[in-house]
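Put the two chains together into one complex, using the hints given.
In case you want the letters, here they are:
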Amino acid sequence: GQNIDQPTEMTATEGAIVQINCTYQTSGFNGLFWYQQHAGEAPTFLSYNVLDGLEEKGRFSSFLSRSKGYSYLLLKELQMKDSASYLCAGRSSNDYKLSFGAGTTVTVRA
Amino acid sequence: KAGVTQTPRYLIKTRGQQVTLSCSPISGHRSVSWYQQTPGQGLQFLFEYFSETQRNKGNFPGRFSGRQFSNSRSEMNVSTLELGDSALYLCASSTNTGELFFGEGSRLTVL
Numbered sequence: 001g002q003n004i005d006q007p008t009e010m011t012a013t014e015g016a017i018v019q020i021n022c023t024y025q026t027s028g029f030n031g032l033f034w035y036q037q038h039a040g041e042a043p044t045f046l047s048y049n050v051l052d053g054l055e056e057k058g059r060f061s062s063f064l065s066r067s068k069g070y071s072y073l074l075l076k077e078l079q080m081k082d083s084a085s086y087l088c089a090g091r092s093s094n095d096y097k098l099s100f101g102a103g104t105t106v107t108v109r110a
Numbered sequence: 001k002a003g004v005t006q007t008p009r010y011l012i013k014t015r016g017q018q019v020t021l022s023c024s025p026i027s028g029h030r031s032v033s034w035y036q037q038t039p040g041q042g043l044q045f046l047f048e049y050f051s052e053t054q055r056n057k058g059n060f061p062g063r064f065s066g067r068q069f070s071n072s073r074s075e076m077n078v079s080t081l082e083l084g085d086s087a088l089y090l091c092a093s094s095t096n097t098g099e100l101f102f103g104e105g106s107r108l109t110v111l
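Quick mapping for you: the protein sequence lines, in order, are chains P and C. Going by this note's numbering, the first residue of the first sequence is number 1, and it counts up by one from there. Going by this note's numbering, the first residue of the second sequence is number 1, and it counts up by one from there.
Extracted from the complex, chain C is given alone in its bound form (with noise of 0.2 Å):
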């Protein structure tokens, strides 16, 4: 059973720019979650999509979206990047019972 998949793993971009990530969840698995991880900061939650609806959002403004689509693969996309959006951007998709298998992450690099 092939795992979380998202891409690209890594992209450097310039700040002003914007980025879209991929992910594709585990076959059968209807949630997506993404999270932004930085050093000292931990796993910050973004957003949770489940059936194409946005079911949880996290504290994030409003250049941060994302959206799911009907096979359940979801993007998430960053706009007007800011140096502090550099970091480890994981997608997990869920079972039933909460558990989140992720991704191995796109490492955003803005400069």
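This is chain P alone, in the form it adopts within the complex (with noise of 0.2 Å):
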């Protein structure tokens, strides 16, 4: 697997940025992908990087190194309903498989 790691929890407030950090082993390494999480419910894609760089998609954005085996996933503008899991996924260049980290809980306040 790749061995994603990212932080548990994070918390901000309404209208605020938040950015989530996602680590993995740099060997075998084909993409990474991002994910939204609301409680009992499916997770849904949010981006996708394989090129070094930031790519911007309304209020979400990602960035990735592939040297420092470093990605963020950026929320601007920060709504009520962005209160959720985000989860980082590797994937291999070996099998292709998706190797996911725990997800990172960011509650956001009034």
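Hints listed in this document are in silico derivations from the structure and should not be mistaken for laboratory results. It is possible that some hints are incorrect.
[As the list claims (entries may be wrong)] The calculated EDC-like cross-link candidates involving lysine to aspartate or glutamate, where the alpha carbons are at most 20 Å apart (straight line), are:
#1 C:13 / C:85
#2 P:76 / P:9
#3 C:57 / P:95
#4 P:68 / P:5
#5 P:81 / C:104
#6 C:57 / C:75
#7 C:57 / C:85
#8 C:13 / C:82
#9 P:57 / C:99
Next up, the structure:
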């Protein structure tokens, strides 16, 4: 697997910005995914990075540095509905399996 | 376009029993993966099927098995259930790019 590491919990205020960091092992790496999972619901796809740099999608952006084995998900202009678990997943180049981190629970407060 | 459908959504079993979970992927998706999700452990990969063949397997005991049918529908089976098997079991179908589309999951409680 990719040995994905991400923080367990983060709390932020409505309207603020939060950055969720994710580190992974660099050998045999073939892409980094971010998923959002609301309590009691299925994970939904947010972003996919395979090249270095920043991918922006509205209020959400994802960054990847392959040399550092590092990614982050940036959530801007936080809304209450952004309270959820955010899952980082690395794909192996050997077998294309996704290895997920344990998830970061983000709580947005008014 | 219908999403990934999993049945049953909830079930309760006792230790020693077996269970079969079903997953219907998005039409046209030939790859189906299964994951176990427990609090604190995150998503643990069980196995992946593609065109009726198991393509990848995670580190779970042989009590966990699966199969895929010609219409891409998949089933997973857990035999001799243990208390620790209580979890949310998620099925995902995927495109060629590897993006996973998850079902709502089957929540299994073992008493």
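To see whether the hints hold, each was checked on the structure:
1. C:13 / C:85: 10 Å, holds
2. P:76 / P:9: 17 Å, holds
3. C:57 / P:95: Answer holds: residue 57 (chain C) to residue 95 (chain P) is near 10 Å, not above 20 Å.
4. P:68 / P:5: 13 Å, holds
5. P:81 / C:104: Since the Cα atoms of residue 81 (chain P) and residue 104 (chain C) sit roughly 19 Å apart, the hinted pair holds (cutoff 20 Å).
6. C:57 / C:75: Measuring from Cα to Cα gives roughly 15 Å; hence the hint holds.
7. C:57 / C:85: 17 Å, holds
8. C:13 / C:82: Distance ~10 Å between residue 13 (chain C) and residue 82 (chain C) Cα, so the pair holds.
9. P:57 / C:99: 16 Å, holds
Hint violations for this structure: none, all hints satisfied.
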